[in-house]
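Chains as they are written, first to last, in our numbering: chain A, 1 to 351; chain B, 1 to 351.
Treat each hint with caution, since some may be false.
[Stated by the list, open to error] So the derived label-pair ranges between C-beta atoms look like this:
(1) 1/A - 9/B: 57 to 63 Å
(2) 265/A - 61/B: 32 to 38 Å
(3) 161/A - 106/B: 51 to 57 Å
(4) 312/A - 268/B: 43 to 49 Å
Honestly, the hints are just simulated from the structure, not real lab data. Ideal Cβ positions, reconstructed from N, Cα and C, are used throughout, including at glycine.
There are 2 protein chains.
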Amino acid sequence: MSWEDYVRRVEPYVPGEQPNKARMIKLNTNENPYPPAPGVAAALKGIQDETLRLYPDPTAKKLVDALAERYQVSPSQVFVGVGSDDVLAMAFLTFFQSEKPLLFPDISYSFYKVWAELYRIPYECVPLDENFRIRPEDYRRENGGIIFPNPNAPTSLLLPLDEVEKIVAGSPDSVVIVDEAYIDFGGESALSLLPKYDNLLVVQTFSKSRSMAGMRIGYAIGSEKMIKAMMDVKYSFNSYTMNRTSIELGYEAVKDEAYFQETIAKVKATRERAAKRLAELGFHFPEPSANFIFAEHESVPAAELFQALREKDIYVRHFNGARVENFLRITIGTDEEMEELFAFLKEYLRK
Amino acid sequence: MSWEDYVRRVEPYVPGEQPNKARMIKLNTNENPYPPAPGVAAALKGIQDETLRLYPDPTAKKLVDALAERYQVSPSQVFVGVGSDDVLAMAFLTFFQSEKPLLFPDISYSFYKVWAELYRIPYECVPLDENFRIRPEDYRRENGGIIFPNPNAPTSLLLPLDEVEKIVAGSPDSVVIVDEAYIDFGGESALSLLPKYDNLLVVQTFSKSRSMAGMRIGYAIGSEKMIKAMMDVKYSFNSYTMNRTSIELGYEAVKDEAYFQETIAKVKATRERAAKRLAELGFHFPEPSANFIFAEHESVPAAELFQALREKDIYVRHFNGARVENFLRITIGTDEEMEELFAFLKEYLRK
Chain A
1 MSWEDYVRRV
11 EPYVPGEQPN
21 KARMIKLNTN
31 ENPYPPAPGV
41 AAALKGIQDE
51 TLRLYPDPTA
61 KKLVDALAER
71 YQVSPSQVFV
81 GVGSDDVLAM
91 AFLTFFQSEK
101 PLLFPDISYS
111 FYKVWAELYR
121 IPYECVPLDE
131 NFRIRPEDYR
141 RENGGIIFPN
151 PNAPTSLLLP
161 LDEVEKIVAG
171 SPDSVVIVDE
181 AYIDFGGESA
191 LSLLPKYDNL
201 LVVQTFSKSR
211 SMAGMRIGYA
221 IGSEKMIKAM
231 MDVKYSFNSY
241 TMNRTSIELG
251 YEAVKDEAYF
261 QETIAKVKAT
271 RERAAKRLAE
281 LGFHFPEPSA
291 NFIFAEHESV
301 PAAELFQALR
311 EKDIYVRHFN
321 GARVENFLRI
331 TIGTDEEMEE
341 LFAFLKEYLR
351 K
Chain B
1 MSWEDYVRRV
11 EPYVPGEQPN
21 KARMIKLNTN
31 ENPYPPAPGV
41 AAALKGIQDE
51 TLRLYPDPTA
61 KKLVDALAER
71 YQVSPSQVFV
81 GVGSDDVLAM
91 AFLTFFQSEK
101 PLLFPDISYS
111 FYKVWAELYR
121 IPYECVPLDE
131 NFRIRPEDYR
141 RENGGIIFPN
151 PNAPTSLLLP
161 LDEVEKIVAG
171 SPDSVVIVDE
181 AYIDFGGESA
191 LSLLPKYDNL
201 LVVQTFSKSR
211 SMAGMRIGYA
221 IGSEKMIKAM
231 MDVKYSFNSY
241 TMNRTSIELG
251 YEAVKDEAYF
261 QETIAKVKAT
271 RERAAKRLAE
281 LGFHFPEPSA
291 NFIFAEHESV
301 PAAELFQALR
311 EKDIYVRHFN
321 GARVENFLRI
331 TIGTDEEMEE
341 LFAFLKEYLR
351 K
């Protein structure tokens with residue numbers, strides 16, 4: 001025997017491509033093409049380096065209070081973490097202790113399966129319908145919890161709020177997590193359902209609509225009981241996760257509502273133009289509600305387009321797997337970036 | 001049944017006291033009294049806010065390369081994380097999959113037990129001897145892994161390198177983790193043993209000797225095989241943990257060796273004076289090798305002293321539990337802070 005016999009076995013994983021070229025068009029990881037709110041730059045300059053010697057506030061009170069005010073909830077209903085991945089993993093660990101299976105869509109965020117396996121949570125994938133839609137009635141069965149993104153990724157499809165409510169109401173004895181990483185780009189948040197349902201947890205992130213993927217900030221909002229349970233688990237094994245810069249810069253981002261709305265409006269306007277152009281170029285796609293379009297071309301395979309774009313330093317995302325392998329996930333960039341994409345596609349597709 | 005029946009049960013935990021008063025002497029969480037290297041302040045001003053919209057480099061290459069150069073190892077031998085708590089938890093998850101018990105000292109860092117329970121790792125606490133010493137021969141038994149801090153916390157006692165080697169050599173089929181959070185303040189690191197032992201993992205942190213507790217940066221150095229195993233586990237469920245500011249500021253801290261040495265020399269000189277004064281005031285303590293002293297008074301109970309100090313806004317740490325409840329853990333502050341502590345103690349103890 002050797003120590004290597006006791007190493008945890010995992011699928012070796014290669015981190016996603018993060019190209020870093022001076023002249024590239026990066027539409028592959030759903031980042032926001034616009035910088036964070038102007039106050040963030042000022043806050044960065046204002047941080048006193050001598051404060052860095054001290055541990056951060058483990059409760060991240062400044063950031064939590066700002067989020068509570070923005071979303072009109074009590075601070076005791078807000079949990080923050082190192083990106084929504086950290087928040088979601090903590091929620092899995094806290095809430096999904098049942099023997100019954102956790103349910104999530106078969107085409108969805110790939111990490112749900114990973115966390116379920118990590119924490120030995122039984123799970124079942126629920127197939128989307130033939131139009132990539134989540135059908136609430138499919139979740140009306142015995143379960144130990146439910147999670148789905150809304151809008152869904154990588155499809156960009158929105159589930160209307162009344163359908164979300166059917167899922168939450170249909171499983172009052174399970175925690176239902178609505179993963180709203182992309183909700184700000186065009187959907188109604190399930191936050192408005194919180195007063196009615198104490199089994200609902202809404203998770204959002206600073207990585208997309210707030211242009212701060214580089215800072216790793218995510219949060220969950222739910223009933224006080226639920227947030228207390230997550231805090232108890234979190235504090236029991238890692239008290240200090242949000243560093244001082246995340247707390248300060250995150251706070252500034254939340255405070256600037258006007259900039260936030262303006263940035264979202266710009267991304268949505270570009271998305272509308274992009275949808276029109278892609279359709280003209282022969283692409284089909286579900287109606288996009290996130291900051292990306294999930295598009296299939298009428299004649300050219302996605303793998304081929306992916307490679308052709310890559311050679312021109314235009315990066316989009318291509319997934320393997322049944323039903324999705326002929327799609328490209330294209331992040332909405334600036335208008336200029338999208339024009340370059342369309343110009344290339346027009347020539348390549350001879351449209 | 002209700003969703004609350006499936007919530008993970010943990011000991012509700014109240015985060016440690018982080019007082020924040022204008023006039024206080026904070027000697028309770030082993031922070032460094034000096035600011036980070038001057039380059040850190042410059043780097044903070046130099047971060048371009050527009051880069052924050054992009055995900056950080058998941059490999060944190062800039063920081064990893066700097067650590068590899070500083071410690072004369074290959075970058076493939078370095079793993080970085082969100083504080084050494086994150087790094088240690090990841091090591092537990094990766095390496096301790098045996099049915100045999102993980103061994104660690106009974107008086108030690110309190111989170112070892114927490115992570116073992118979290119990941120369902122069987123464990124046994126090995127008692128320190130009557131002088132709070134780790135005896136290598138006690139670890140010479142069937143085990144699924146070994147971990148201990150060196151210097152130990154909260155005792156501040158150093159285990160000499162040849163004794164550390166006995167433990168590592170004695171369990172070649174287990175991973176042995178030496179948690180060196182405080183090693184820079186007065187011990188020889190086990191890093192020099194790495195060429196001989198592929199089962200050794202050394203964990204260090206930026207929170208103490210590099211004055212950056214507020215940034216949450218820790219790292220592990222070990223054999224390539226070992227670091228690869230940790231990376232595989234980490235990437236399999238959370239690719240992006242180190243944010244952009246941590247990578248940049250951490251890099252600057254590592255590059256300034258002169259400042260690092262100077263700061264450590266100052267803390268050690270203050271510790272020497274403090275040890276002398278505390279002895280004169282009637283305290284007994286194991287020989288300190290970390291940036292704190294673990295002291296028991298000859299006549300006044302620790303709980304009483306703790307309260308009396310607290311009322312004067314002088315914060316030290318007091319632990320409950322057999323054998324340690326009559327000790328105070330006193331962080332080494334600036335000379336001025338220590339003088340205020342001694343002045344108060346002198347008066348209180350009428351010495």
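Structure-based check of all given hints:
Between residue 1/A and residue 9/B the CB atoms are about 34 Å apart, so this pair departs from the stated range of 57 to 63 Å. Between residue 265/A and residue 61/B the CB atoms are about 36 Å apart, so this pair conforms to the stated range of 32 to 38 Å. A beta carbon spacing of about 54 Å between residue 161/A and residue 106/B agrees with the range 51 to 57 Å that was offered as a hint. Range check, residue 312/A to residue 268/B: Cβ separation about 58 Å, and the 43 to 49 Å hint is violated.
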